Amino acid sequence: MAIDISEAVLEAIEQAPTKRRVGPLGSMAVAASVTFALVFGGQFLQKQEPGLPLATVPGVVVPIQGAAPVQASYGVGMPATSFIANEAVRVVPNQTVDEFYDRLAREHFLRFGRQHAEQSAGIQPNASIAHARVPGEKPGD
Amino acid sequence: MLRLSRCVLAVLAVGIIATAAGASAPEHEGCQLDDSETQRVAAVLASGTSTSYRGTILVEYSGKREFVAVEESGASGQLVLRHLNRTANAESEIRRVNTLPTRTPCLLGNFYGFSLDTGQTVAGRDTYRLSVRPKDTLRLGYVMDVDHATDVPLRVLTLTPEGQMVERFEFAEFEPIAKTPSSAPERESVQASSMRFALSALPPGFSVINSGVTPVEHWLLSDGLATMSVYVEPRSQGVKPGEGVVVRGATLTYTKGTLEHALVTVVGEVPVTTARLVAEAVRSREGL
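These protein sequences, in sequence, are chains A and B.
Position 99 of the first sequence, counting from 1, maps to 99 under the working numbering, and the rest follow consecutively.
In the working numbering, each residue carries its 1-based index in the second sequence increased by 1000.
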């Protein structure tokens, strides 16, 4: 949908008085009107064309209840204490196979996680962290 | 769609791996860290094997938190710890800490940006802040508040390449102890030629620093900070190819049943893209 408004704008400019003082309140009103038009106009236009995919992405991500994303920073400020959803992320759309491999991945974390910690702890700046990450010796840890 | 996404992934994998040689720029091309950053990073990397301590760590991820008591640190080649929130009167667990070669700060500078600042007080101790920002999306970032006196990181936030926090470790108590570091256990290493599987390529910056065959064939890969273990075993005929992921804090476990009848599991502190790249690179030696 293409609308050419350039002619109407030019005509309006030509007909307008050469000097017009609207003041700060007037400027604010104009700015607010433009913002309103952009926001709601955009939404209106979006509704005119239903069915257009926003993006084509293979697979789906499974959100986990109780987890919320947080934008952290590498700078001076320390981020607040909340974490991204990361218990299980599905990467293939085939549900049965997915469930099997998600379960297998979970089992393999328990099977190999401790050995990975032992092997990688020597590289980490703090070896305790590598080991504190993985399950303990007791079943169900 | 699945086939298309696999093709896209394969092209991406080839592209990324093809740039690996160039990306793993040799150290002599010039260090990207200034003197103070080089000094601090080297001290932090060495602190794991040079400083003994005891203390209590708060661990947080995905809305869960627990305390871990460290009764003996890894400088002695072993670690003694207790998970305080898992069972009442939890018994001490003895964990091994293998000796492995560490990268120099300048080499790390090819893949991470470092910055220094003033840190917060942690466990009653003065710290400096070492921020570690990945230069690509193949590794995680870190913000560490590091003890001024010992260079041991006392608070560590692990962040995705986009800056989202996935895990936090923080010492509630920290006490350095005078103990001479002893030699850590020798790392297990197996001749590559005796293994049934091989890695045809590696993501930029990563190299194989250890390998073994117990309980299954595996390699340990690292870029000097990020680590991942790759486990490979034959995939039974009845299991279809596929993939699954579980993430706990910063540790990702990615399992892939390949078309070559291999079951590849990557366990490590890396984004899923990196784990996928490595799993794609596993080949049977017979096919090489």
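Hints may contain errors.
Now the in silico label distances, taken between C-beta atoms and shown as ranges [what the hints assert, rightly or not]:
| no. | chain 1 | residue 1 | chain 2 | residue 2 | range |
| --- | --- | --- | --- | --- | --- |
| 1 | B | Gln1039 | A | Leu110 | 20 to 30 Å |
| 2 | B | Pro1101 | A | Glu99 | 19 to 29 Å |
| 3 | A | Arg103 | B | Ala1172 | 46 to 56 Å |
| 4 | B | Arg1065 | A | Thr96 | 12 to 22 Å |
Rough simulated footprint, nothing fancy, chain A against chain B, three-plus residues with beta-carbon under 8 Å [as the list claims (entries may be wrong)]:
| no. | stretch |
| --- | --- |
| 5 | 1093 to 1103 |
| 6 | 1210 to 1223 |
| 7 | 1230 to 1238 |
Don't read these hints as lab results, they were simulated from the structure.
Values in this document were obtained by computation on a predicted structure and should not be read as measured data.
Think of the CB as a built atom: it goes at the ideal place given N, C-alpha and C, for glycine as much as any other residue.
Evaluation of the provided hints:
Take B:Gln1039 and A:Leu110: their Cβ atoms lie about 40 Å apart, and the range 20 to 30 Å is violated. Our hint of 19 to 29 Å for B:Pro1101 and A:Glu99 is violated, since their Cβ atoms are close to 40 Å apart. A C-beta distance of roughly 35 Å is found between A:Arg103 and B:Ala1172, which places it outside the suggested range of 46 to 56 Å. Look at B:Arg1065 against A:Thr96: about 35 Å separates their beta carbons, and that is not inside 12 to 22 Å.
With 8 residues bearing a CB less than 8 Å from a CB of chain A, the stretch 1093 to 1103 of chain B meets the requirement of three and the coverage assertion stands. Counting residues of the stretch 1210 to 1223 of chain B whose CB lies closer than 8 Å to any CB of chain A gives 5, so the stated coverage by that chain holds, three being the minimum. Coverage of the stretch 1230 to 1238 of chain B by chain A is violated in this model, with 1 residues showing a Cβ closer than 8 Å to a Cβ of that chain against a need of three.
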